[in-house]
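Asker: Residues per chain are reported as follows:
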Amino acid sequence: MSLILALVLTFVLAAMAPRLHGLLREASGWVLALWPLAWTIYLGGLTGRITQGDPLYIRYPWMPQLGVSLSFYVDGLGLLFGLLISGIGALVLIYSGGYLKKHRHLGRFYLFILSFMGSMLGLVLTGNLIALFVFWELTSLSSYFLIGFEHEREEARQAALQALLVTGIGGLALLAGLLLLGEAGGTLELTVLLERGEALRASPYYLPALILILVGAFTKSAQVPFHFWLPNAMEAPTPVSAYLHSATMVKAGVYLLARLSPALGGTAAWQIGVTGGGLATMVLGAIMALGPSDLKRILAYSTVSTLGALTFLLGLGTPLAVKAAMTLLLAHALYKGALFLVAGAVDHETGTRDVWKLGGLGPSMPITATAAGMAALSMAGLPPSLGFISKELLYEAQLHALHLPALLAGAGVLASALLVAVAGVVGLRPFFGHPVHRTGHLHDPPPSLWLGPLLLGGAGIALAIAPDMAASPLTTAAVSAVLGKPTVVELRLWHGLNPSLALSALTVLAGAGLYAAQPFLLDIAARARLKEWAARWGPQRGYERMLQGLNALATTQTRLLQSGFLRFYLMIIILTTIALVGSTIAIREPLSRWMGRIVDARPYELMIVVLMGLATLMAVLTSSRLAAVAALGIVGYGVALLYMLFGAPDLAMTQFAVETLTVILLVLVVYRLPRFTRLSGRPARLRDAALALAAGGMMTALMLMVLSAPLKSRLAPFFAANSLTLAKGRNVVNVILVDFRALDTLGEITVLAVAAIGVYALLKLRME
Amino acid sequence: MRDLLLVLPLLIPLSTAVIGLLFWSRPHLQRALATVGAGLLLASGLGLLVSVRHGGIHTVQVGAWPAPFGITLAADLFSAIMVVLTGLIGLAAVLYSLGSMDAHRERFGYYPLVHILLLGVCGAFLTGDIFNLYVWFEVMLISSFVLMALGGERAQLEGAIKYVTLNLMSSALFLAAVGVLYGIAGTLNMADLSKTLRATPRPDLVLAPAMLLLVAFGIKAAIFPLFFWLPASYHTPPVAVSALFAGLLTKVGVYAMIRVFTLLFDHHAHSAHLIILVASGLTMVTGVLGAVAQNELRRILSFHIISQIGYMIMGLGLFTPISLAGSIFYIAHHIIVKTNLFLISGLVFQLQGSYQLKRLGGLYRKHPGLAALFLTPALSLAGMPPLSGFWAKLILVKAGLELQQYLIVAVSLMVSLLTLFSMLKIWNEAFWKAAPAEHSASLSRGTQLALFLPVLGLAAITLWIGLMPEPLFSLSEQAAQQLVDPTEYIRRTLGE
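The listed protein sequences correspond, in order, to chains R and G. In terms of this note's numbering, the first sequence has 383 at position 383, counting the first letter as 1, and numbering is strictly consecutive. In terms of this note's numbering, the second sequence has 290 at position 290, counting the first letter as 1, and numbering is strictly consecutive.
Since the hints were derived computationally from the structure, they do not count as laboratory data. One thing to keep in mind: the hints can contain errors.
[Unchecked claim] List time: in silico EDC-like cross-link candidates among lysine to aspartate or glutamate, alpha-carbon distance up to 16 Å: (1) R:Lys101 to R:Glu150; (2) G:Lys366 to G:Asp266; (3) G:Lys425 to R:Glu154; (4) G:Lys195 to G:Asp266; (5) R:Lys101 to R:Glu349; (6) G:Lys358 to R:Glu154; (7) G:Lys358 to R:Glu152; (8) R:Lys357 to R:Asp294; (9) G:Lys195 to G:Glu429; (10) G:Lys425 to R:Glu155; (11) R:Lys728 to R:Asp739; (12) G:Lys195 to G:Glu438; (13) G:Lys425 to G:Glu296; (14) R:Lys764 to R:Glu748; (15) R:Lys764 to G:Glu153; (16) G:Lys358 to G:Glu296; (17) G:Lys366 to R:Glu150; (18) R:Lys764 to G:Glu106; (19) G:Lys425 to R:Glu349; (20) G:Lys358 to G:Glu429; (21) G:Lys366 to R:Glu152; (22) G:Lys358 to G:Asp485.
[To be verified] Some chain G residues well away from chain R (every beta-carbon gap over 10 Å; in silico): (23) Arg2; (24) Val50; (25) Gly56; (26) Phe108; (27) Asp266; (28) Leu351; (29) Lys358; (30) Arg359; (31) Leu370; (32) Gln405; (33) Glu477.
[Said to hold, decoys possible] The calculated label-pair distances, taken between Cβ atoms and stated as ranges, are: (34) R:His348 to G:Glu158: 53 to 59 Å; (35) G:Gln356 to R:Pro366: 52 to 58 Å; (36) G:Leu4 to R:Leu645: 43 to 49 Å.
We put the CB at the ideal spot given by N, CA and C, even for glycine.
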């Protein structure tokens, strides 16, 4: 109960945040941070029971007929994520209060970021696939509003849209995949599905479900080639980049893979898809991180690389790999969050994020520099940091992989070495060396801006020095959850002299080399016109092409279909009718059967019909309106005569009256109009004639077909029998109109009344 | 009492209209009357729904002539749900009109016309007789035509001509189909028709009128490739009228289609259901692409109606109990959301004086409340969870997957992304972008109340359905059950 209440309250708090900000002003960030802090304490309190293998499971029905429930399933994996989300969330709220202090819409910022926090917590704590999807989309949506926070800037709006569309495509694939998984497993409840792994993997739905789910996870976690939205998302205010786009939201895909790996993992398809995608992302992300000069974009690409590493490890799926993944997850959230916040603080103080324009800030911003240094240590994987432990584990997992261990380790070293260089670029270069910027008046930012980075950076060191306090139990619980069996993880800084350590040493050396050689490498890249090449062939370009294509397609299609010409619309409707109705007749009825019925007709009946045909022809061909009206009158009179011949004298009388009146009215109108002018050419007229003949032919055939079956109706005898006795009227037709089917008449009277109002209004009321 | 509940949804709008017409030159009285009438209609609809849910299908033999000789009114759950929605949308549109309708139109019978339209719509939902259905269609057509043309602006008349011509085409085909059905079965009562058609010695004849009705109702419902009248006309009348039309008119076509293809043609027309499914996919795609190509608020919204109709008939095309429940859920969700979006476009117009995206901007900054009110139905339309549209799509997608109809499922998912794209285009241009020119309109307190109250109410319902979809879905499921198995409907209608 407390869990769902806490979640609901998070959203309520989000909705109230703008108001609260109005009341609290300066202190708003600090006060609002109390809520995620409470979450952290609450989740921390669950650690005991969860590490003892007793996950929390609560279920509330939501849409039971579809198997949708709002259930919560908190095991080690959810706990680890939940603690990261709430803990970093508290720091980010404090930071935002300082960072956006003067921003007009800080209140709305709180709204969006708290909504995100609620959604993200829901995502990692829920135990139902559809509920998971709901929260998944909500995180995308809140990310949209946060990326576009500076909404009057075109770039921010475009980046927000791009992020939402890319993750949106993935989201839809994910929904389909999750539903297929539900079909295969017979339930949408995670706890049950996780136990049915074997049956799921044997199901025919397995492969399509897996592919769809991977598309969802890969778009969200920015795997190549969907990664391009993440660097663009750096348009968001820095606390958002730190929180959503490095520490938490982008890890939702990783979370999903980890969550479902007991059910879906271990197959060849999983190995190839997840491991391969992750590996490519890990290497490419790290390479691309060396390119940009904007601190945030550099960090974004390095985030892509780490997300790749996490995906890769979950693809391997061995206990060692999962252990490495969970440790790396924790380490990365801490150091990357810290580095982003540092970047924001530097930007805040100096007004630039360009690494080539920064330098020597250390002496004037000692606290920020300390935080940056600690985080960079972890990012570079140097002892004594959590990053070091996780890198050692990564190497160990790669060296013990079943297939191609040498290749995997090589890729790992390459990516890690690149990240060492990147850590130097973002963690060292701005703070050491020559002061590029005028540093005289520079100083550390206010506490709200250094508290977060310092705590996060410090945690990356402290957790590594004393791993048994928090890091080991948390990863133990998470690894056990991912592997689906109790597993003990003991994190140690010192692993003895082993191949991993050797690789680590190699990595640091190579990284230092890369750092020194960066200007040279950039020069080569510039000469090879790498940037132009990427702009031309990269996925970003593909995205733009797709949008252009979509707009072009939409415009063309709409111009073709919605042309604005009434005659064209009518033509399509008639053609559709002929196609649909005609096909049902043509298939079933041999032509000869109808011909026989035509021969049955009496000569004077045929004469009337021929006359009507001629009159129709005349109406079509004549160039005089008067003649056309008269010809139509002849057709009408012909119909009336036929009514007469077939025993419906009252109908015939009505028809005569209507026809006469119509002709008179038309003549009155026509009198004032000019002669016909022929607007359409010969081909158009032939086309229209063919269409008209086909439509007429179809209706004729239909009528003949219906008449071929004898009409047996109970209605006519009933009306005839009861008209006088019960309804007290001799004229059966009239009795039908005013009694048996009086409701129809009421309707028709209404129609006439409204028509009268319409005519009156059209004549009298002119708005222009 | 049961009989009265069934007749009230016709009696209330009819008497409201008639009394209103008697006070032709007293617009103030008409305004009060129209509001009360719409409120009563909603209340009577709710009463009917509750009564039908507990007491089963209601029928009334009009004039006490036994079925199938007279006209039977019948309300099953589907009908009752539709009547409730009619009352709701009628009330919203009337309230909104109080704050936005110009005095000229009010003096020319605007409010009585609205109520006659509501009469036609309710009549269509409640009749159990196929010719009577045709009559109600005519009532709807003429009143909507006059409402559309009322005011006589050039664009209005141009739209209205296309509207009425193409809809008369639909009427002609409908009438032809009724004639053919009578020729085959000798009856007009739909329950009786259902029975007779099931036992007809010439089942091969039934498909032709089925196709005629598919085209006739397809035009009304604005499916591909018959939708031309809708984008040609919906953006021309005052926004309250557009909103009323957008909510109700096409849905009467969808209702009629669902009714005849469950009650009359379920046995004979497997190919018809396949055709409907194909049409549903094409309707979704062409509609949403049409919306993507537009840059005017009301035109964007109009094309989205078409696209959404595709989803509603997708459930009919799949033809399982759950998919039909999905269709009904979708209709309910859509009517509320779409009317609201049109009303909001009117609010935007009131504030900034344009419907053109390039002339709008800055609403997010200046009117955060309106921004929130827009987002609720807009995101719901796009199927963003956990709003009503998400559940509506989820039900249909699940139904499609169960039948392994992957193509239509894929199409429906892609179209929802394009819908999101299109809604965000509005958001981007009208709300986020900086205002191109300062335009400040101030609305009086009373006007504000009349304009915002219906928008707020409808948004609240959307949110409520989103957070608690279960009640509406159970209701839809029960309604679908009655459609799939029409024995009770037939029994009660024929009084056996």
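Asker: Tell me the hint numbers this structure goes against, listed in increasing order.
Answerer: Violated hints (numbers, rising): 2, 9, 12, 14, 19, 22, 26 and 33; every other hint is consistent with the structure.
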